[in-house]
Each structure stands twice: as C-alpha cells, then as structure tokens.
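Undergrad: Each chain, letter by letter, is given below.
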Amino acid sequence: MWIAMLLLGLGGFSLLYGLVNIIAEQDKDVT
Amino acid sequence: MTGGAVPLIVVLVSTSVSWPLALYMRRVLDSTPAKTDRCLIGNSSETEQGWASYCCSLLTLNVLMFLLGYVVLTTQGRLPLNPDGKASLGPSLAFHTAISFTTNTDLQHYSGEALLSYFSQLVLMWLQFVSAATGIAALVAIARALAGRRTLGNFYLDLFRATVYVLLPMAIMWALFLVLCGVPMTFQAAAIARTLEGTTQTIARGPVASFLAIKQLGTNGGGYFGPNCAHPFENPTYWSNVASSIAILLIPMASVWMFGRIAGRARHAVVVFAVMLIIYLGLIGAAFTFESQPSPALAGLQVADLPNLEGKELRFGVAASPTWVVSTTATSNGSVNSMHDSLNPLTGLMPMIAMWLNVAFGGVGVGMINMFLFIVVAVFLAGMMVGRTPEYLARKIETPEMRLALLTLLLHPLLILGGVAVFAPTDWGRTTVLNPGSHGLSEIVYEFSSAVANNGSGFEGLRDNTVPWNVATGLAMLFGRFVPIIAPLAIAASLGRKKATSEGPGTFRTDSWMFGTILLATVLIVGALLFLPLAVLGPVAEHLSTSF
Numbered sequence: 001m002w003i004a005m006l007l008l009g010l011g012g013f014s015l016l017y018g019l020v021n022i023i024a025e026q027d028k029d030v031t
Numbered sequence: 001m002t003g004g005a006v007p008l009i010v011v012l013v014s015t016s017v018s019w020p021l022a023l024y025m026r027r028v029l030d031s032t033p034a035k036t037d038r039c040l041i042g043n044s045s046e047t048e049q050g051w052a053s054y055c056c057s058l059l060t061l062n063v064l065m066f067l068l069g070y071v072v073l074t075t076q077g078r079l080p081l082n083p084d085g086k087a088s089l090g091p092s093l094a095f096h097t098a099i100s101f102t103t104n105t106d107l108q109h110y111s112g113e114a115l116l117s118y119f120s121q122l123v124l125m126w127l128q129f130v131s132a133a134t135g136i137a138a139l140v141a142i143a144r145a146l147a148g149r150r151t152l153g154n155f156y157l158d159l160f161r162a163t164v165y166v167l168l169p170m171a172i173m174w175a176l177f178l179v180l181c182g183v184p185m186t187f188q189a190a191a192i193a194r195t196l197e198g199t200t201q202t203i204a205r206g207p208v209a210s211f212l213a214i215k216q217l218g219t220n221g222g223g224y225f226g227p228n229c230a231h232p233f234e235n236p237t238y239w240s241n242v243a244s245s246i247a248i249l250l251i252p253m254a255s256v257w258m259f260g261r262i263a264g265r266a267r268h269a270v271v272v273f274a275v276m277l278i279i280y281l282g283l284i285g286a287a288f289t290f291e292s293q294p295s296p297a298l299a300g301l302q303v304a305d306l307p308n309l310e311g312k313e314l315r316f317g318v319a320a321s322p323t324w325v326v327s328t329t330a331t332s333n334g335s336v337n338s339m340h341d342s343l344n345p346l347t348g349l350m351p352m353i354a355m356w357l358n359v360a361f362g363g364v365g366v367g368m369i370n371m372f373l374f375i376v377v378a379v380f381l382a383g384m385m386v387g388r389t390p391e392y393l394a395r396k397i398e399t400p401e402m403r404l405a406l407l408t409l410l411l412h413p414l415l416i417l418g419g420v421a422v423f424a425p426t427d428w429g430r431t432t433v434l435n436p437g438s439h440g441l442s443e444i445v446y447e448f449s450s451a452v453a454n455n456g457s458g459f460e461g462l463r464d465n466t467v468p469w470n471v472a473t474g475l476a477m478l479f480g481r482f483v484p485i486i487a488p489l490a491i492a493a494s495l496g497r498k499k500a501t502s503e504g505p506g507t508f509r510t511d512s513w514m515f516g517t518i519l520l521a522t523v524l525i526v527g528a529l530l531f532l533p534l535a536v537l538g539p540v541a542e543h544l545s546t547s548f
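One line per chain: the protein sequences are A and B, in this order. Each step along the first sequence adds one to the number in the working numbering, with nothing skipped, and position 6 is 6. Each step along the second sequence adds one to the number in the working numbering, with nothing skipped, and position 428 is 428.
Calculated directly from the structure, the hints in this document are not laboratory data. Misleading hints may appear alongside valid ones.
Calculated lysine-lysine pairs in the DSBU-like style (CA-CA distance at most 35 Å, straight line) [as the list claims (entries may be wrong)]:
| id | chain 1 | residue 1 | chain 2 | residue 2 |
| --- | --- | --- | --- | --- |
| 1 | A | K28 | B | K86 |
| 2 | B | K499 | A | K28 |
| 3 | B | K35 | B | K396 |
| 4 | A | K28 | B | K396 |
| 5 | B | K396 | B | K499 |
| 6 | B | K396 | B | K498 |
Make a model of the complete structure from these sequences and hints.
TA: If you want it as structure tokens, here you go:
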C-alpha cells in the first residue's frame, strides 16, 4: 500500500508531464 | 445581523493595501536578476525558459515537494521534533496530505494536533510557502508572455523571489502579530492541566503562529488544529479575526494589479478587478441575507427571531462568519472560523458557488490565471457576436488557444460532477455522510468542489479519511491544480508569439466596462449552466424541504 500510494502520486505527475509534451508537440505543428 | 462593519473594513483595507503591495511585487518579481539572486540560487537564474521548459521545472519541483511530504508523513514516528510521540500516518492519508499541501489546497482529512509531529507541521509549513510561490511564479510568467516577451523568465528565479522577497517577510511580520494576539509559538510538548473536577486535560500547542501566517497569506488554509480558525489558539480575538480576513484577500487581490502592470495593461486589470469584486460582494451580500434567518431546526421556538447562531464563534460577532465563509472560498484559502455544515442551506450554497466559479480573486496567482481562461472565452464570444476575429491584448485568439481554454474550463466541472456521480450513489460516499438526503449530497458536492478548486475547506459531516476519499480527492486536487496552470501558460505563450495587431476604432477594448459586463456574464452563465443541477439537488432542495 505504501508503494502503491507513492506510485499513484508519481503516476499523476507523469500524466501532467505527458500533457505538457502533447501541447508542446501540437504547438510545434501549428507554428 | 449585527457587525456589518466587518466586511466593510475587510474589503476597504485589503483593496487599499493590495495596490502598493502589487507595485512592490512587480518590482521584485519582474526585474533583471540582482547580485543577491545570483549568489543565492546560482547562475541558473540567468537561464530563460520557454513555456514547456517553465512547466517542466514547475512540475519537477512539485514532484520533489510531494515526495518530501509523503516520506516525512509516513516516517514521522522515527523523526525528530516529536515530543508527544505521534505515530506515522497511513499510506492513503499521507498520499492525500502530501498532495493536498503540494497543490496549495490543504484539504485535511485529519486533525493536526492529534496526528502530526512538530517536524511534520514544519514541513507542511514549508510546502505552504513553496506552493503559494508556485502560483505567483506561474502568473508572472503568463503576464510576461502576454506582454510579448520571447521567453517567460526562469521558474526557479521566480519561485525564489516570490518566496524570499514577498511571502517570507510578510509571513514573519504576520506571525509576530499573531504571537502578540496570543497565538502559541513553542516547541514544548502538549501542556497537561488539572481541571476543577480533578481530572487531567491535555492541551495541544506547538509552532502555531508561524504555521498560521503563511496559511492565510498564501491562500493555503490548512489548520494547525482540527477546528482551524475557530480554535482559540489559532484565532484568539476579534482583531485577530479581522486581520486574518484581510490577510486572506491581500495577495490574491495584489496578483490582479501585478498582472496588469507586468502585461502593460493596468486599465485592463482595473476592469478585471472590478468584475472579481462584484462577484465577491454579491456572494457576501447573499450570505449575509440568508444567514440572518434563523436555523430551520429552531423554527417555532422563542429563539427563532435570532440569526442562525449554530456552529459560530460568537466572540467574533455573528457577521464575521458569513464574511469569512465567502472570503475563504472565493480566494481558494480554505481556512474556516465557523462550521460550514451548520450554515443555513442557501448560505451553504454561497461557498460552493465561490468554489465553482473560482475566480473572485481566487488562489494566490492562480485566481487571476483562472480568470484569464474566462477572459479568453469572453473575448472570443464578443468577437463572434460582432463578426470580428477575437483579439486579446492586440493578439488574435484562434482555434488552438480556444481549444485549450475550453478543455481546461470544462475539466473543473468534469472532476467535480464526475466525483459526485461516482460517490453519491455508492457506498464510497453514502456510508460516509452523517446526514441523509439533500444535506448529505451537499457534503459530497462540497468535498469534491473544495478539492478540485484547491480550496481545502471542509463542509464536514463527512467521514472522509477512507481510502476511496483520500485517493479520489487526492487525484482531483492534483489535476485541478496543474492542468489550469499548464494550459494557460501554453495559451499565453502562443498568444505572445503572435504579431501584435494595431488597435483601431473597431477593436473590442478589454479595458472598457462593456468588456467587464461580458466577462461577468460569461463567468456567471458558464458557472450557472454547469453547476445548476447540483445546486438544485443539494442546498436548494434542502432549503425548500425545511421551509415549507
């Protein structure tokens, strides 16, 4: 459970990094 | 209701002080790195960042904050500064608390005095500084982008300056004021007192004043004690209450002025400030009116002529509670000086509306960022109405910006409504509410609204320290915090890269009262349309069922 909660938090942040990446990629396409 | 002077003093003083504070913030946050900056954080302060790099730095620091909070909370039993021998927190509560303080929410599923060591409280206090500084840094970067600068600055430099030059000095002064008011500041263990009956009583204390100062100034709101600012050690006197009410509003208000100064549009900031103030005052007026009615539970009794006194600290005066209720939820602060669960049903709707809209000054930095999203939509709607390409600060708003703005605005209701839809009909939510019917639904709605809006106040009446609640609201806080920072940064950078158009007589001016009216209508209509069903099923249904 200790590890699961830690990974849950890190996984959430990973999704946010992914979001930055996706928007940055689209940004490049537009510009 | 007596004591109508409280909101008047609070609004007048905080508005007046916010302007010079904004000038100071602009001066220290948006200048070239000084020698002291380079000495303290090295030459990295010179590195300019684009929006994606700025976001990654922001996220990386917040990952470290989460990790530190999680490790400390799960090991506090073996760490120093634990004179009362507090045990370590369980994993799901530690996860929830670490996310909560990292995201500037400070939603607490525990009582600080009962479960946390002094060391943990100090680490959470540090998180309150850095999370507030994160919001300020993000707003400064957005304002720079909208001013047409090629880079957004350096995140670590902005964070450092917001912490050391703005939050820290203000918090030190505020903590000293609180100590003078009688708030404890000690590392001694809990006091043991012998009562008149001959039994012993344990009186919790600790480094409270330092914790409270940043809690109010940084729109954090996490209480050192479970009852938060209703506890006499957190809020000892009438004047500590008035001063804290002002502290809640100060930096969120100054953020709006600062945004206008950095973006080079001071008149635009005046209009935005006015729209926020209208929403804030409207909510205060409504809260006062509804709370001046007696509690429905006392209808027909001789005390029924009094305003609703349930759940209030009468030493502050009755009017202090509705003022605080609105201020703390409109600004995403989340501290409480009365029990929101005991508010009359329609008064209880006001903090929910404040959190649903989340723009009446909002959190430190992020309140203005949320309003920026509504501005983009309002400008787009106005442009469509007159058949012109929408422009904001002389830059065209096109499909990519609109797509991001709308997706971010829709995430807010999606997380709240989705959470309620999962918890209200299942045992995860039903078995944890202490009141049946509409009031129980309001408790669930409030908890998700508070989490997603990064507010942190509790309606209470909810057994929320369960694994499903800790996980669901933890994730809601995480996405409710960072998506509305990432997307606006991308939008502002995209707008800033565009060639500025010359403003002519046909340009829709964003420093006009017409723009203010459209912005206000956009905020209210979008908010009303998205959340009206929840309001009707919760507080409105409760009001109707107890009034007839």
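Undergrad: Determine for every hint whether it applies to the structure shown.
TA: Here's how the hints hold up against the structure:
no.	hint	result
1	K28(A) to K86(B)	52 Å, violated
2	K499(B) to K28(A)	17 Å, holds
3	K35(B) to K396(B)	38 Å, violated
4	K28(A) to K396(B)	18 Å, holds
5	K396(B) to K499(B)	9 Å, holds
6	K396(B) to K498(B)	7 Å, holds
The structure does not agree with the numbered hints 1, 3 stated previously, though it agrees with the rest.
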